[in-house]
Structure formats: structure tokens, C-alpha cells
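Given the sequences, and given the hints that come with them, work out the whole structure.
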Amino acid sequence: MRASTVTIKTEQDIEKLRISGRLAAQVLEMIGPYIKPGVSTEYLDDICNDYIVNTLQVVPANVGYHGFTKTTCISVNEEVCHAIPSAKKILQDGDILNIDVAVIKDGYFGDTSRMYFVGEPSPAAKKLVETTYEAMLAGIHTVKPGATLGDIGYAIQSVAHREGYSIVREYCGHGIGRVYHEQPNILHYGQKGQGMVLKKGMVFTIEPMVNAGKPFVKELNDGWTVITQDKSLSAQWEHMVAVTDDGFELLTPWPNGTGNYPPV
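Residue numbering for the sequence shown follows full-length UniProt numbering, starting at 1 and increasing by one per position.
Hint data in this document are derived by calculation from the structure and do not stem from the laboratory. Note that this is a predicted model, so its numbers are computed, not measured. Treat the hints with caution; some may be incorrect.
As the list claims (entries may be wrong) - The calculated label-pair distances, taken between Cβ atoms and stated as ranges, are: (1) 32 x 65: 20 to 28 Å; (2) 164 x 261: 17 to 25 Å; (3) 38 x 6: 42 to 50 Å; (4) 197 x 107: 24 to 32 Å.
Unchecked claim - With a straight-line Cα cutoff of 25 Å, these simulated BS3-like cross-link-like pairs (lysine-lysine) come out: (5) 126 x 36; (6) 105 x 36; (7) 200 x 16.
The beta carbon of each residue, even a glycine, is placed where N, CA and C say it ideally should be.
Okay, here's the thing in C-alpha cells:
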């Protein structure tokens, strides 16, 4: 399911990806008010599915992807990524969670995720979430023709390491277009000047996973859910970007702005 070459998108492709990206971002905006103590992650997933299918009238990309049965991945606290929504997973006051959603519109994928607080988070949890957002922003702001993939990774890891956090290395961002996951792989660590050189027309996700503790992770027996080995908190944000003539274009902007977070 992962294309082996980098595809340079045309202006027509990027216009389609703008649409799919904005639709995915709408889902994450919509679900926010439903996130509260006492609700299950399956409840949130059901709302997202109904909104995608019946309101937006597009395809939920995750349903059936490699056998995945749900619409979103909803990862809570020490869950790093790919957690399967469940009726048994009940949100508690102070939890942090990531909701990751992807949609298909006219054959083009939109893929994005964001963090949410359940009630009032601890200062440590809030700092992790805000720092991870800052790290994603640092990576995005390096994107321009002539920059390298290593530049993106270095910018992200520099922010995380500054606060004593660690970067998950097993999972990365990816090229996206008519294929959900394609080249290039976007590592969230690296060295300046190393790796593939960015060119206008590349489209990919930047989605760092940052752990409060050690970087080591493990996959649970469900074959999907990834958690921190030391049970420390983990946070992730994800945006889709296109490389432009002189920088980047954000393809998954939040409909009502970034609120308390710095603008992209």
C-alpha cells in the first residue's frame, strides 16, 4: 500500500488535496465539543464516522485499511498511535488524547491529527502537548525547495530534546496523494543537510510522536495499538503540507484558527 517512488503533484493535484485536507481538518474541529470525561473512544469514533459519511459525504480512509475496523485512531495518554476506538475505553478527567483521521475525496487523501485535553490536564501533560505542537511547527517551517528531510527531523528533535523529551523512531510522516502512504518517509529526527532534497510539488505529512519518557515503544496484541514501554505520556500532532515555490502550504488548516496554539 506504500508507493515506492516520490510523486510530484501538479497544481490540479494540490487543489484536490487542499479540499481533502480541509475536510479531514473539519472532522477534528467538529469532534472537539464531544470530548469529555465519561465518554468512550468508540462513541467519538461513531460520531466521526457519521459526520464523514453523512455530512461531508466522503470516504473514511481508515475503515478496512489493512483490516482496521474503525474510522479514526484515538490514542490516550501512554498510547503513542494507532489505538483502536473501543466501548471499553472511557475517558477520564486529565487524560490527553490524539485523534487521527483520514478521508478520501475524489480519489485524493486528506490526513491529519490533533491533541485534545479531557477536562483539566496536569501541568506536565499540558507542557508535553504544547511542546510537541511546537516541534511539529518547527519541522513545518523548515519546508522549502532545497531543504532536506534531515532539516525537518533536526528541527523537530531539537525542540523535543530541549525539554528532555524523546522522539519515537519507529513511525514517521509520509508522502500522500492518490495513495495514502507513499514516499518520502518523513523522519522526525535527523541531521541538517542530510537526506532527500525537497522539491516543489512534493506533498507529505509531518506528524511527530514525542514521549515524556524514553523513546521505546511496543505494539499490543491487537496488532495496532502502540504504547510507550515505560508507560510515560506520549503526544502527537499531524499536518499535511505541500512544497511551494519558496516555502510550504498547509493543506490541513483548522477551520476556526489555532486558538491557544501559535498559528502555522
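Structure-based check of all given hints:
1. 32 x 65: 20 to 28 Å: Since residue 32 and residue 65 have Cβ atoms about 24 Å apart, the given range 20 to 28 Å holds.
2. 164 x 261: 17 to 25 Å: 21 Å, holds
3. 38 x 6: 42 to 50 Å: 45 Å, holds
4. 197 x 107: 24 to 32 Å: For residue 197 and residue 107 the Cβ distance comes to about 28 Å; the hint holds.
5. 126 x 36: 16 Å, holds
6. 105 x 36: Distance ~30 Å between residue 105 and residue 36 Cα, so the pair is violated.
7. 200 x 16: Holds, at about 16 Å.
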